[in-house]
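Enquirer: As a plain string of letters, each chain reads:
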Amino acid sequence: LVDGILPRRIAGEPVLLYRQKNGTPAAMFDRCPHRFAPLSRGCIVGDYIRCGYHGLTFDAKGGCIANPLGEGYIPETASVRAFPTEEKFGLVWIWRGDHEKAEPKNIPDLSAFVPGPTAEFKTAYIHVRADYRLAIDNLMDLSHSVFLHAETLAPVTPGLRDAVVRVSRNGERIKATIEMKNIDIGDGERRDQQLDTEWFAPGVVALTFAQVPHGELLGNEAIHALHIITPETERSSHYLFGSTVDGREGMTRDPFVDEDEPMLAACQERMGEEDFWSLRPVILPNDAAAIQVRRQLEKMIRNEQASQSLVASARLLNVINQRSIE
Amino acid sequence: LVDGILPRRIAGEPVLLYRQKNGTPAAMFDRCPHRFAPLSRGCIVGDYIRCGYHGLTFDAKGGCIANPLGEGYIPETASVRAFPTEEKFGLVWIWRGDHEKAEPKNIPDLSAFVPGPTAEFKTAYIHVRADYRLAIDNLMDLSHSVFLHAETLAPVTPGLRDAVVRVSRNGERIKATIEMKNIDIGDGERRDQQLDTEWFAPGVVALTFAQVPHGELLGNEAIHALHIITPETERSSHYLFGSTVDGREGMTRDPFVDEDEPMLAACQERMGEEDFWSLRPVILPNDAAAIQVRRQLEKMIRNEQASQSLVASARLLNVINQRSIE
Amino acid sequence: LVDGILPRRIAGEPVLLYRQKNGTPAAMFDRCPHRFAPLSRGCIVGDYIRCGYHGLTFDAKGGCIANPLGEGYIPETASVRAFPTEEKFGLVWIWRGDHEKAEPKNIPDLSAFVPGPTAEFKTAYIHVRADYRLAIDNLMDLSHSVFLHAETLAPVTPGLRDAVVRVSRNGERIKATIEMKNIDIGDGERRDQQLDTEWFAPGVVALTFAQVPHGELLGNEAIHALHIITPETERSSHYLFGSTVDGREGMTRDPFVDEDEPMLAACQERMGEEDFWSLRPVILPNDAAAIQVRRQLEKMIRNEQASQSLVASARLLNVINQRSIE
Numbered sequence: 001l002v003d004g005i006l007p008r009r010i011a012g013e014p015v016l017l018y019r020q021k022n023g024t025p026a027a028m029f030d031r032c033p034h035r036f037a038p039l040s041r042g043c044i045v046g047d048y049i050r051c052g053y054h055g056l057t058f059d060a061k062g063g064c065i066a067n068p069l070g071e072g073y074i075p076e077t078a079s080v081r082a083f084p085t086e087e088k089f090g091l092v093w094i095w096r097g098d099h100e101k102a103e104p105k106n107i108p109d110l111s112a113f114v115p116g117p118t119a120e121f122k123t124a125y126i127h128v129r130a131d132y133r134l135a136i137d138n139l140m141d142l143s144h145s146v147f148l149h150a151e152t153l154a155p156v157t158p159g160l161r162d163a164v165v166r167v168s169r170n171g172e173r174i175k176a177t178i179e180m181k182n183i184d185i186g187d188g189e190r191r192d193q194q195l196d197t198e199w200f201a202p203g204v205v206a207l208t209f210a211q212v213p214h215g216e217l218l219g220n221e222a223i224h225a226l227h228i229i230t231p232e233t234e235r236s237s238h239y240l241f242g243s244t245v246d247g248r249e250g251m252t253r254d255p256f257v258d259e260d261e262p263m264l265a266a267c268q269e270r271m272g273e274e275d276f277w278s279l280r281p282v283i284l285p286n287d288a289a290a291i292q293v294r295r296q297l298e299k300m301i302r303n304e305q306a307s308q309s310l311v312a313s314a315r316l317l318n319v320i321n322q323r324s325i326e
Numbered sequence: 001l002v003d004g005i006l007p008r009r010i011a012g013e014p015v016l017l018y019r020q021k022n023g024t025p026a027a028m029f030d031r032c033p034h035r036f037a038p039l040s041r042g043c044i045v046g047d048y049i050r051c052g053y054h055g056l057t058f059d060a061k062g063g064c065i066a067n068p069l070g071e072g073y074i075p076e077t078a079s080v081r082a083f084p085t086e087e088k089f090g091l092v093w094i095w096r097g098d099h100e101k102a103e104p105k106n107i108p109d110l111s112a113f114v115p116g117p118t119a120e121f122k123t124a125y126i127h128v129r130a131d132y133r134l135a136i137d138n139l140m141d142l143s144h145s146v147f148l149h150a151e152t153l154a155p156v157t158p159g160l161r162d163a164v165v166r167v168s169r170n171g172e173r174i175k176a177t178i179e180m181k182n183i184d185i186g187d188g189e190r191r192d193q194q195l196d197t198e199w200f201a202p203g204v205v206a207l208t209f210a211q212v213p214h215g216e217l218l219g220n221e222a223i224h225a226l227h228i229i230t231p232e233t234e235r236s237s238h239y240l241f242g243s244t245v246d247g248r249e250g251m252t253r254d255p256f257v258d259e260d261e262p263m264l265a266a267c268q269e270r271m272g273e274e275d276f277w278s279l280r281p282v283i284l285p286n287d288a289a290a291i292q293v294r295r296q297l298e299k300m301i302r303n304e305q306a307s308q309s310l311v312a313s314a315r316l317l318n319v320i321n322q323r324s325i326e
Numbered sequence: 001l002v003d004g005i006l007p008r009r010i011a012g013e014p015v016l017l018y019r020q021k022n023g024t025p026a027a028m029f030d031r032c033p034h035r036f037a038p039l040s041r042g043c044i045v046g047d048y049i050r051c052g053y054h055g056l057t058f059d060a061k062g063g064c065i066a067n068p069l070g071e072g073y074i075p076e077t078a079s080v081r082a083f084p085t086e087e088k089f090g091l092v093w094i095w096r097g098d099h100e101k102a103e104p105k106n107i108p109d110l111s112a113f114v115p116g117p118t119a120e121f122k123t124a125y126i127h128v129r130a131d132y133r134l135a136i137d138n139l140m141d142l143s144h145s146v147f148l149h150a151e152t153l154a155p156v157t158p159g160l161r162d163a164v165v166r167v168s169r170n171g172e173r174i175k176a177t178i179e180m181k182n183i184d185i186g187d188g189e190r191r192d193q194q195l196d197t198e199w200f201a202p203g204v205v206a207l208t209f210a211q212v213p214h215g216e217l218l219g220n221e222a223i224h225a226l227h228i229i230t231p232e233t234e235r236s237s238h239y240l241f242g243s244t245v246d247g248r249e250g251m252t253r254d255p256f257v258d259e260d261e262p263m264l265a266a267c268q269e270r271m272g273e274e275d276f277w278s279l280r281p282v283i284l285p286n287d288a289a290a291i292q293v294r295r296q297l298e299k300m301i302r303n304e305q306a307s308q309s310l311v312a313s314a315r316l317l318n319v320i321n322q323r324s325i326e
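Chains as they are written, first to last, in our numbering: chain A, 1 to 326; chain B, 1 to 326; chain C, 1 to 326.
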């Protein structure tokens with residue numbers, strides 16, 4: 001989120017994001033309450049958004065502060081829904097539920113993966129034609145690399161085929177770990193490798209890859225990357241690769257664009273309008289982490305619905321958007 | 001409507017128009033009753049339309065007058081619905097309700113805007129991706145020009161920002177008037193300007209722009225243009241600019257194509273499948289004329305439904321097509 | 001069906017076809033039961049299909065024979081629906097109903113149109129944007145040629161306009177015959193011509209065209225071509241032209257692509273989601289053969305539904321796919 005207005009559909013709803021003059025991000029429903037023009041077709045005027053059709057002007061809290069035409073009358077109902085935002089770990093976090101329930105402390109602690117809460121954070125964006133959960137599933141079982149990335153990523157981890165995905169939990173966080181020990185990666189030396197993908201509800205997965213000479217302790221030499229997934233519609237998602245290391249945000253971009261995204265879209269197409277479970281998927285041992293994430297998400301969605309903290313459109317989409325991410 | 005067959009979807013139904021040899025326009029449902037081929041894929045043979053698939057031939061009243069294949073048997077049911085037409089003010093008017101209720105006198109009197117009922121009338125066509133009522137709303141509050149046409153049309157009427165839209169009625173006709181007095185348009189002289197948009201049910205809006213030195217009487221120096229809007233589907237329209245003055249039909253075409261049409265389409269997209277009122281629009285003072293037009297349309301539709309004069313598909317679309325226009 | 005995997009949607013369902021090492025064709029549902037990836041995105045490994053996502057491998061009967069990742073556990077439920085196939089007359093025939101009801105003897109006897117059951121058979125493929133029954137109707141009344149193919153095929157059969165379509169039956173087979181006697185085709189000689197289109201349930205039509213000097217007996221000089229039509233969705237079809245004579249499979253391809261297919265698609269578009277009969281088509285004498293085919297198809301579908309031999313998706317589409325064709 002740099003200059004200008006960023007329109008983005010989140011969990012089915014059109015949202016716009018922009019920065020106020022002091023840099024604070026703001027987010028609101030991207031539809032003028034007057035004639036239903038997308039406010040993102042308007043412009044930023046100071047801290048405000050002015051509609052491009054008849055000029056109604058809204059502050060960051062969604063209140064109409066000016067009707068520049070005629071005698072300037074502003075009806076009491078002239079306001080647009082705004083969303084609380086929080087900028088942390090180089091990301092803008094949007095709360096789409098009730099304002100009073102917005103809890104910045106619910107933002108997952110990504111401090112282990114970024115130098116600090118104000119770190120500069122490079123991201124690469126990809127639009128994914130699949131439900132956000134398919135994109136998370138994909139990360140929670142990286143053994144798919146053996147076949148889906150046979151020519152691209154797989155050669156780096158020759159031990160992946162025989163490895164087993166182990167699952168561990170840390171509160172709401174769920175981690176899939178793949179250990180590959182005493183591996184010959186082709187240069188005659190034996191190495192130990194470890195791949196971790198850790199899920200932070202609802203849509204962040206931190207990927208860590210570590211490699212040391214066989215027998216040494218795996219440690220801080222790990223490569224970190226964040227995968228940040230936001231539902232767009234029931235069958236599409238926004239996907240951000242993030243890294244604080246220059247250039248790394250794009251590192252896995254090509255295999256993802258060429259191999260993962262088309263596969264996810266093809267699976268989604270074959271699923272049609274069906275729910276994942278209603279199709280009775282065959283569950284394999286390596287699905288354990290992905291299934292635990294799905295179960296945890298379902299539990300959180302149920303809890304949010306019970307506490308009536310979700311807006312109607314969110315319930316409709318059956319997505320958890322407690323902490324939608326930009 | 002010049003040579004050949006013009007296919008045009010009107011209020012959801014495929015219709016074809018053509019001219020008979022004596023120039024009289026004819027209109028009929030654009031689907032052969034035999035194998036459902038679009039008759040507009042066929043050709044004109046004298047005063048008739050011949051289907052391009054098996055050659056069934058229909059007269060201007062929709063009766064099948066020839067089956068050119070085999071022994072030429074024509075079933076009694078072989079006919080297609082024709083629509084009464086009337087050519088007036090350089091336009092072809094189609095009546096889509098019951099034939100006996102067709103009333104040429106219901107055609108609005110546009111004589112003030114065209115030299116005569118047989119005047120040559122130049123039109124420019126634009127396809128609009130929005131409900132016809134959004135296109136009418138747009139004309140009934142021209143103050144939108146200040147923002148939507150900030151770089152194109154607005155500089156000509158610098159007094160528009162502070163002006164107020166006044167509404168007046170003349171029977172079914174509803175007129176929005178914007179007076180801008182004692183205006184400096186940049187050349188040092190003071191002028192009085194007046195913009196009128198007058199709606200004729202269901203879909204014609206006559207635009208008049210007059211300008212005189214400040215204090216003089218506004219009069220016949222007015223520039224006239226007609227905007228003729230026909231529903232195509234529930235969310236798209238046919239839009240004709242018309243003028244009897246050569247070249248003027250295209251005068252406002254560019255700002256409309258570049259600025260109005262994309263905005264109308266964006267509003268329509270944000271409205272989705274929702275009805276205008278169900279979205280609880282915020283009503284501003286300058287909406288008065290547009291709202292009166294909507295109320296008048298709703299009343300006329302109710303009356304037509306009460307008198308059962310509308311075909312089923314028209315009711316379905318909830319559009320008034322008493323006097324659909326070509 | 002040569003090398004590689006051929007994905008093809010049949011009667012609404014994604015199906016893949018491939019050849020085993022000994023040449024036997026195999027067909028299965030094109031969706032992995034694990035993560036719902038299209039198996040056609042995978043590859044052939046010997047006689048098996050391996051999924052391109054996580055490597056699950058299936059034999060020609062749809063059983064999972066390998067999970068190459070981790071410890072290789074294969075759940076009992078890991079199988080995919082396979083379809084019995086039969087290769088005959090140069091075509092692969094797929095049975096989509098219950099396995100035990102697959103009856104190779106139900107494959108229509110096309111021996112009169114191909115040199116033998118193992119003949120090499122050239123086909124040209126066209127995707128048709130219309131229900132398969134519209135494509136069959138089109139063949140069962142070739143008098144449409146007079147208008148639809150006025151510039152292309154019609155000049156060869158100048159007697160077609162006045163000819164009458166006669167219908168004859170041979171068991172389930174229905175034949176439309178058009179005799180054109182004592183015809184001047186432009187070179188001064190008089191000829192007798194005969195056009196036959198014979199329908200074999202559910203979707204094969206054999207076209208025969210014979211021509212002799214007037215008065216001679218029409219005989220073996222006939223030109224044969226097969227039109228093989230498979231439903232893809234409710235409103236689209238796969239269309240194969242077939243011939244054992246080199247080059248002939250493409251002979252009528254151009255008029256079909258340029259004239260028939262667009263007309264069929266236009267009729268389908270005008271029919272919308274309506275059923276053929278619900279639109280109350282006007283029936284002409286030359287429709288007799290097409291109507292008999294439709295009645296026979298309806299009877300066969302009813303019988304299959306009564307005997308519960310159809311899978312749910314087939315019932316849904318209301319198509320007969322007892323003998324879907326590739």
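It is possible that some hints are incorrect.
Partial list, derived from the structure: chain A residues whose beta carbon lies under 7 Å from chain C [to be verified]: (1) ASN106; (2) PHE147; (3) LEU148; (4) THR152; (5) ALA154; (6) PRO155; (7) VAL156; (8) MET263; (9) ARG270; (10) TRP277; (11) SER278; (12) VAL282.
Note that these hints are calculated values from the structure, not bench results.
Virtual Cβ for every residue (Gly too), placed ideally from N, Cα, C.
Enquirer: Next, verify each hint and record whether it holds.
Expert: Structure-based check of each hint:
no.	hint	verdict
1	ASN106	violated, 30 Å
2	PHE147	holds, 4 Å
3	LEU148	holds, 6 Å
4	THR152	violated, 13 Å
5	ALA154	violated, 11 Å
6	PRO155	violated, 16 Å
7	VAL156	violated, 17 Å
8	MET263	holds, 6 Å
9	ARG270	holds, 5 Å
10	TRP277	violated, 12 Å
11	SER278	violated, 11 Å
12	VAL282	holds, 5 Å
Checked against the numbered hints given earlier, this structure breaks hints 1, 4, 5, 6, 7, 10, 11; the rest are met.
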